[in-house]
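Going down the list, the protein sequences come from chains A and B. Taken in order, the first sequence gives residues 65 to 295; the numbers are from the numbering used here. Taken in order, the second sequence gives residues 185 to 378; the numbers are from the numbering used here.
These are calculated hints, taken from the structure and not from any lab test. The beta carbon of each residue, even a glycine, is placed where N, CA and C say it ideally should be. Some hints here could point you the wrong way.
What the hints assert, rightly or not - Here are some of the chain B residues that sit facing chain A, going by a computed Cβ distance under 10 Å:
no.: 1; residue: 210
no.: 2; residue: 228
no.: 3; residue: 318
no.: 4; residue: 340
no.: 5; residue: 342
no.: 6; residue: 360
no.: 7; residue: 361
no.: 8; residue: 363
no.: 9; residue: 368
no.: 10; residue: 371
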Amino acid sequence: MNKKLVTKESILISLAVLLIAVIAIMSLTGLQDKNKNDEIIKIKQLISDVENMEASVYILPEAYTTSPDIDVPSDVADAMYKRVVSEAEKYYSAKSGILADRIQVLQMAVKAEIESKDYRDKNHFVKKINFISVDVSGDTATVIADVTKQSTTLGLVPEGIDISKYKTSDKKEEMKPEMKAKLQEDIKNAPKKLVTFTPGGTMRFYYNLAKEDGVWKITSRKGDYLPGQGP
Amino acid sequence: MALIIVVTSLFMTSNVYASYDRINATIYADTWALGRNSNYPTNWGSDCADFVSQCLHEGGGLPFDDIHGWYIYKNLTGFYWGNAWSVAKDLMSWLLYYEGDNYQGATYIGNWGPDYQPDSNSLIQFGDVLIYDWGTGDGWSHAAIVADYGQDPNSPYYGNLQDQHTTDRKWAIWHLRYYNDNWATTTIAVIRPN
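Whole structure, please, built from the sequences with the hints as guidance.
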């Protein structure tokens, strides 16, 4: 009965067990943090890559970007349409509708570049990405990022048109159809000048991602211009 | 007695519609394209739909539709409004899908994808509402109003011109290509209030 319940040895053993437990928990947490940080790095790289792809995948080869009116052969156009599919498949999930949506939009962009004979992009690129948040939870993640892009675009514009000649009244009213037709005819016949534009803007994007076979894929992506940062 | 019945039945069977004054809507648009009317909130960052709604209401004469969210009022604590007034895609839905007791709805003129957006679009009229989808997954997210025809003063383009807020513009070419790095993915819908 006089036997001591708490001995020096038992205290030391308890402290040792406690210390081991603390070290184990810290190691585990550190490992988890490292794993999470690795995932965040991968996700940031994916977002950067997909935005670079989105900006540039529909830009025509250099030989066709010196003037908007250069015809694009059908084999070049077909290769562009195929490239859109293979590039989009790298980043977007085929399990949600987003892959088909992005292919449709980006192939339409290729068509626009080919068919708009007075306007064509020379390049379009990401200037800056500012990650607002990256949240990872198991095999899903959400990202918010501000993406700034800019293009160098060529336009063929008419020269020497005096718009005051076509306005018949100071009143606020539609231009008369015959004057509109004359203006259009004069624009068609006017000499054209090649001009370069550099439009740009910043969009806030919201992404959802999921891991598919160990690889992050984007399951949704929505972006709109920040106030005052759009067209 | 017969006269009273006839007059009463006339009121009961016919609605008094407000018809849209599109020229006046464009005059309002030109007046406030680069400014803010202090009768409305002046500190919204994204106020494109609010601006178009003002044009339709103040200039165009369309009455508020409290039931379907196209309204803005002010009380002692400030402004309160419905989504159809302030959000581009909701404004579009309201224009297309609702007709009130005193509002005749709108006509969908069409939409133009990036492969065909002529500077001069013969189907567009003064006072038409333009709704933009940038092709970046957010759907119809920007609104403007057709306000003139001629030369865009800030670009070398001639054609249909629009006024807009958020990025304030007066008489910008309607397709905004000159200003839009996403022009190749942008689709524009044209809606005409009746």
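Of the hints stated earlier, which fail here? none
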